[in-house]
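Asker: As a plain string of letters, each chain reads:
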Amino acid sequence: SVSNEILVSAAISLKDCFEEIGALYENETGVKVRFNLGASGLLQKQIESGAPVDVFASAAERQMNELQSRGFILTETRRNFARNALVLVIASSSELGINGFADLIRPEITRVSIGNPKTVPAGTYARQALTNLQLWDRLQSRLVLAENVRQVLDYVARGETDAGVVYASDVVSASGEGIAVAAYASDELHDPIQYPIAVVKETKARDNARKFVDLTLSPAGQSILKKHGFLSAN
Amino acid sequence: MLKARFKKHLGRANSRALTIDVDLKAAQGITVLFGASGAGKTTILRAIAGILAPDEGRIVVGDEVYFDSAAGIVIPMQKRKVGYVFQNHLLFPHMTAEQNVLYGIRTGVRRNPRERARELLLMLGIEKTADRLPHQLSGGEQQRVALARALATDPSVMLLDEPLSAVDVSTRSRLLEEIVSIQRRSRIPFLYVTHNHSEALRLGDSMMVIEKGRVCQEGSPMEIFNAPRTASIAKVVGTENMFVGRILQHQFEDGTTIVGVDSCRIAAPLNALPVDSRVTIGIRSDDILVSLERLTQISARNVLEGVIKNIFIDVDKTELMVSCGIDLKVSVTRSAVRQLNLKIGSTVFLLIKARSVHLLE
Amino acid sequence: MLKARFKKHLGRANSRALTIDVDLKAAQGITVLFGASGAGKTTILRAIAGILAPDEGRIVVGDEVYFDSAAGIVIPMQKRKVGYVFQNHLLFPHMTAEQNVLYGIRTGVRRNPRERARELLLMLGIEKTADRLPHQLSGGEQQRVALARALATDPSVMLLDEPLSAVDVSTRSRLLEEIVSIQRRSRIPFLYVTHNHSEALRLGDSMMVIEKGRVCQEGSPMEIFNAPRTASIAKVVGTENMFVGRILQHQFEDGTTIVGVDSCRIAAPLNALPVDSRVTIGIRSDDILVSLERLTQISARNVLEGVIKNIFIDVDKTELMVSCGIDLKVSVTRSAVRQLNLKIGSTVFLLIKARSVHLLE
Amino acid sequence: MVWQTLKLSLLVVSIATIVISVAGILLGYLLAKREFRGKNLLDAVLTLPMVLPPTVTGYYLIILLGKRGVLGRVLYDLTGWTVTFTWIGAVIAATVIAFPLMVKSARAAIESVNADYEIASYVMGRSEIETFFRITLPLASRGILAGVVLSFARAFGEFGATLMIAGNIPGKTQTMPLAIYEAVVSGEDEQAKWLALILTGIAVVVVYLTNRLSRPRRVD
Amino acid sequence: MVWQTLKLSLLVVSIATIVISVAGILLGYLLAKREFRGKNLLDAVLTLPMVLPPTVTGYYLIILLGKRGVLGRVLYDLTGWTVTFTWIGAVIAATVIAFPLMVKSARAAIESVNADYEIASYVMGRSEIETFFRITLPLASRGILAGVVLSFARAFGEFGATLMIAGNIPGKTQTMPLAIYEAVVSGEDEQAKWLALILTGIAVVVVYLTNRLSRPRRVD
Ligand SMILES: Nc1ncnc2c1ncn2[C@@H]1O[C@H](COP(=O)(O)OP(=O)(O)OP(=O)(O)O)[C@@H](O)[C@H]1O
Ligand SMILES: Nc1ncnc2c1ncn2[C@@H]1O[C@H](COP(=O)(O)OP(=O)(O)OP(=O)(O)O)[C@@H](O)[C@H]1O
Ligand SMILES: [Mg+2]
Ligand SMILES: [Mg+2]
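Line by line, the protein sequences are chains A, B, C, D and E. Read in order, the letters of the first sequence are residues 107 to 340 in our numbering. Read in order, the letters of the second sequence are residues 429 to 789 in our numbering. Read in order, the letters of the third sequence are residues 429 to 789 in our numbering. Read in order, the letters of the fourth sequence are residues 327 to 546 in our numbering. Read in order, the letters of the fifth sequence are residues 327 to 546 in our numbering.
Hints in this document: simulated from the structure, not taken from any laboratory. Cβ atoms here follow ideal geometry from the backbone N, Cα and C, with glycine treated the same way. All clues given are correct.
Listed below are several chain D residues computed to face chain B (Cβ distance under 10 Å; list not exhaustive): (1) I445; (2) S447; (3) E456; (4) T457; (5) R460.
Capping the alpha-carbon separation at 30 Å, the derived lysine-lysine pairs in DSBU-like fashion look like this: (6) K509(C) x K359(E); (7) K556(C) x K640(B); (8) K121(A) x K333(A); (9) K519(D) x K307(A); (10) K519(E) x K365(D); (11) K498(E) x K138(A); (12) K519(D) x K333(D); (13) K498(E) x K307(A); (14) K317(A) x K121(A); (15) K365(D) x K507(B); (16) K393(E) x K138(A); (17) K307(A) x K393(E).
Quick look at which bits of chain D chain E covers, simulated, 3 or more residues with Cβ under 8 Å: (18) 359-370; (19) 374-388; (20) 433-443; (21) 462-472; (22) 475-489; (23) 500-509; (24) 515-528.
Can you make the complete structure from the sequences, with help from the hints?
Answerer: And the structure:
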């Protein structure tokens with residue numbers, strides 16, 4: 107990257123708030139910021155292959171852990187900049203009376219969608235939560251694995267599935283149409299849903315990259331995240 | 429019985445290539461279509477087969493109306509019972525010779541189509557090629573497969589577009605007989621396009637000369653070849669001697685009209701044209717007799733003295749070019765050349781009956 | 429000068445369609461290839477053009493070796509300077525008539541290719557079709573475009589595969605003259621395939637008869653038509669009278685051999701076959717003279733009395749079928765029929781020179 | 327697990343390829359032979375499933391065929407059955423995605439056949455259907471077979487739209503490409519490689535066999 | 327923003343289509359006309375990018391061309407430049423993904439041309455290249471144009487592999503399909519619909535125009 111420009115690879119679920127933080131960043135530093143948005147797993151692969159990325163913001167810790175263990179990030183710059191909560195969503199028109207995760211095993215519930223635990227972070231956490239609730243095995247035949255959170259929301263809103271599990275922030279960003287939150291999963295049911303951020307080792311703009319990481323953690327950054335339904339890092 | 433009367437413009441509106449405008453009737457029997465290249469023969473066949481819709485007119489075969497612009501009838505080609513030997517064969521390239529012929533046999537018509545196909549191939553002398561694909565056949569073999577395929581269709585009218593142009597004389601001769609006998613048995617009209625005189629003569633129950641999209645003369649082949657009505661027909665049918673002259677006088681007692689061509693006076697059958705009109709006359713080289721003496725006790729009205737300028741020896745006729753004021757081509761046998769000891773430079777007398785001098789329009 | 433000596437097996441190994449095995453030389457001039465359909469004429473031309481590689485042999489044009497299996501030389505077709513009129517025309521369907529001809533003109537050879545193309549089209553009488561696509565041309569027009577395209581190539585050898593089979597007699601006659609004059613100017617060998625006698629006679633400086641893939645007779649067209657060497661050649665070239673007989677005796681003083689055919693004794697030129705051998709003899713209908721009286725003071729060795737059984741009237745010849753123990757076809761002019769008042773049933777005497785009786789192999 | 331995925335993939339792709347081939351050749355024929363208003367527009371619109379990201383196509387399919395979809399609702403109300411999350415949904419997705427390939431290929435192939443042969447067949451009294459099967463189709467076979475192979479490959483590899491309408495229900499609607507995608511994204515490179523190898527192996531064999539099939543009979 | 331994305335998409339698809347057409351016709355010609363061992367296997371292998379999910383193809387491309395890739399490393403060592411996250415990467419992705427369409431279509435189209443015309447051209451002394459351009463190509467034009475249209479559509483819509491190798495960087499490597507994908511995933515339905523409309527509109531117009539172009543000149 108040119109010295110007055112940085113490239114931030116960010117999970118696509120961070121799109122809206124990062125665009126706001128980016129504007130703020132450009133104002134403050136005069137450095138242009140570009141975003142490369144995609145699924146965290148793909149972003150990880152790109153960095154491993156040597157893509158010229160300066161900052162990586164992941165939707166889950168696993169991808170960051172892998173990069174760290176293989177030495178692709180500057181470990182000392184790694185921070186968790188946001189958290190999220192898991193929610194059970196239903197169509198706002200739903201008449202099934204689902205009020206909690208336990209309702210999912212009721213016989214009239216035929217389909218429940220979550221993100222694919224292997225590829226979608228929200229799905230990974232959903233699996234943890236359902237496993238801890240002793241529901242995972244019993245729900246197996248009802249599960250529909252989606253490729254991204256958006257798809258879960260589409261299914262639910264269009265009545266294809268009776269319920270779904272997504273992040274709290276997704277419900278906010280999805281302009282909420284047709285979606286209602288039926289229940290929150292308590293924090294103990296899953297690992298903390300952390301959003302890690304770090305500077306990529308091969309960056310040629312270490313300082314500017316560092317500034318972006320700092321900005322996400324700054325009060326201004328945090329308030330933007332909060333506005334979009336994320337929880338503060340700590 | 430085939431009746432076809434129609435008009436069809438070919439080419440773009442602003443640059444007409446040709447306008448077909450025909451009215452033809454073909455009874456049971458073989459009707460030969462004769463005409464120069466580009467005269468419109470193929471186009472006429474295509475209209476009858478329904479490949480091409482005329483601009484207006486009416487085409488009837490037997491009692492089936494194939495086309496009638498006034499009544500808005502256009503029977504699609506699938507429904508017309510037409511056998512067609514295409515000028516460019518159009519053998520299906522992915523089928524063997526036998527499969528091509530089998531394809532021509534209408535489903536359900538024959539009890540044993542394979543046998544029929546073999547029979548046809550045998551008849552046309554190409555039974556050995558049954559299992560070959562078209563590109564493995566010689567030109568003449570392809571043409572015969574196309575003929576076999578058309579004959580296989582059991583049609584109500586048969587259209588043959590130069591079906592024997594690519595086969596050798598001896599095969600052709602045999603196939604002509606087959607075609608006649610097939611026609612006689614089937615009792616349907618055959619329209620037969622050819623450029624070949626002897627085909628026309630051997631096959632034609634009647635003949636039509638096509639010129640620039642029109643039927644310009646009809647009659648038996650012999651009649652037309654002997655007495656072509658116009659200079660251009662004469663050219664097409666191959667009358668060798670044609671001259672432009674002027675009417676000099678009518679000899680009513682004799683029943684002849686004297687035509688002056690250059691310095692020659694030629695007696696033709698009496699006609700009603702005014703003296704001094706320009707006329708074209710045609711004399712077939714075959715109708716001229718050669719003598720070494722000036723004969724007088726003879727019925728021929730014209731006796732012209734001349735000198736042999738050239739001798740063309742051809743396998744089926746020998747031609748003399750005799751100069752007697754005008755140059756005349758004269759057809760003789762080779763034995764006559766030997767017997768009369770004809771040489772370039774010999775003086776000869778040409779005898780031409782008045783009836784052999786044709787006034788062309 | 430073209431020298432081609434090669435072998436080529438056609439068809440699958442287990443079911444040979446034909447084996448071509450020729451050794452031919454064609455000097456500057458027009459060499460006619462004559463032969464029945466399927467004899468292998470097209471295949472020979474294809475081998476010379478390089479479309480088809482012979483199994484073995486050598487092909488030389490001028491001093492360029494086109495093919496030599498021994499030396500491992502195979503010049504690709506692009507490098508052979510061959511003009512080729514294909515039997516099935518092969519006009520490029522996406523190009524107009526003129527563009528097709530232009531394509532034939534080798535780049536850089538002509539200063540003004542368009543003019544040359546127009547010139548050729550004009551010469552062949554198809555200038556009006558210049559802007560039409562092949563499918564908008566009549567069969568004869570297509571053929572002439574193909575001819576123009578081949579003539580445009582300025583080749584070292586010209587191969588013409590029945591180039592005039594689809595045009596009318598009068599056009600053909602004119603084009604034959606053009607072809608001769610082009611050959612005379614270009615001074616290269618022309619190989620000309622045809623089924624047509626008069627084309628062969630008018631064009632051929634020499635002629636080869638092809639039979640089953642072999643050259644079975646070579647000579648001037650006239651020679652071959654007059655004296656075909658075998659019965660099958662006689663059939664191909666159209667000798668009308670052929671009989672199987674036995675040698676009765678040799679008359680050394682006369683220089684004749686008497687052949688018995690049924691009850692007839694026919695004098696033929698002296699030969700060396702043992703008495704009683706079976707032989708085939710051929711007599712061209714044109715070589716027989718008709719007389720009403722039994723002439724004795726005449727050179728003809730054979731005088732056969734017979735009765736006219738039939739008269740066939742054709743436009744370019746009239747044929748009598750005369751029965752005199754054997755049935756003979758006799759060609760006469762129509763005027764002779766009239767003059768001698770020949771009718772079915774008339775008794776006539778046929779005069780046949782011994783030299784006109786050909787022993788066929 | 328792999329076996330089940332593979333079985334499903336093969337089932338889906340076989341049915342899809344058959345449907346595509348039949349419908350595509352038919353439509354290709356109509357586009358080639360019939361004149362009607364908006365013909366070329368129709369042809370252009372038909373290529374759309376190639377241009378849109380499959381996920382988007384899948385989204386539109388849900389809007390159309392989902393339980394609450396325009397058509398899906400009618401179907402659901404009548405039969406209580408919905409196509410979403412069934413293997414039939416996967417077939418539909420694969421069919422829609424690969425269909426344009428077949429139509430375009432078939433149209434071009436049929437238009438390239440010299441119409442004179444068809445005319446000759448008609449003149450011989452053969453119906454349009456018979457002519458189509460015995461003349462047009464064999465003469466257009468090269469181009470059509472290429473279309474079939476392309477459609478097969480595309481349908482075999484399709485997963486974006488499939489995922490959307492058929493869902494990813496392990497052991498039920500998970501096709502091979504989906505499994506590979508999953509393996510790649512979740513970093514199971516070994517697994518991914520194996521699956522990719524199987525998938526490509528099968529594809530190569532099928533395509534290879536089709537190629538051999540369409541090879542001209544050598545004749546001389 | 328939309329404008330820039332569109333511009334990029336058009337740039338990428340134009341270059342990709344040109345590259346695909348040229349290389350695809352060439353390769354199609356070789357497959358059609360030359361005999362060599364493993365020819366049909368090569369043809370089969372060439373269809374692979376159609377079978378693998380584009381993301382997976384993209385992944386393999388990155389392994390090959392990335393800074394640490396087999397080829398990419400050499401390139402990087404030599405020039406200090408890498409193809410990942412550049413619009414050239416997008417061109418490469420689109421090219422690789424759509425290439426099989428062109429090769430297959432071109433091969434079939436070229437094989438369908440009656441070889442006698444090519445022979446006639448050779449006999450007239452025209453070289454193979456000249457014959458190819460003036461005879462083979464015009465006579466195969468229908469099938470080849472169908473291949474070009476299909477490749478164009480596929481390249482225009484490509485996003486899986488592109489995302490992988492070129493990234494999804496607005497204003498730099500974000501093509502239309504990527505923007506649509508992004509909008510869909512982030513729930514910006516309005517935006518998604520508009521983008522999809524523009525994309526499909528352009529595709530329809532281009533395909534329609536090509537169709538008109540390839541329409542036979544009406545002659546009678
Ligand atoms: N589609 C067309 N557009 C323009 N002109 C055409 C078209 N079809 C035929 N012609 C012209 O009409 C004339 C008659 O063509 P047709 O094929 O009927 O001739 P033909 O008598 O069969 O000649 P030939 O003996 O050479 O086959 C030709 O000059 C030809 O060029
Ligand atoms: N590829 C092939 N496979 C099998 N047989 C073939 C092949 N090509 C030609 N033949 C056969 O070889 C023979 C000679 O063919 P060729 O085309 O040379 O004949 P021709 O003398 O030109 O006849 P025509 O006057 O009918 O055109 C024919 O009987 C033909 O069927
Ligand atoms: Mg014609
Ligand atoms: Mg031939």
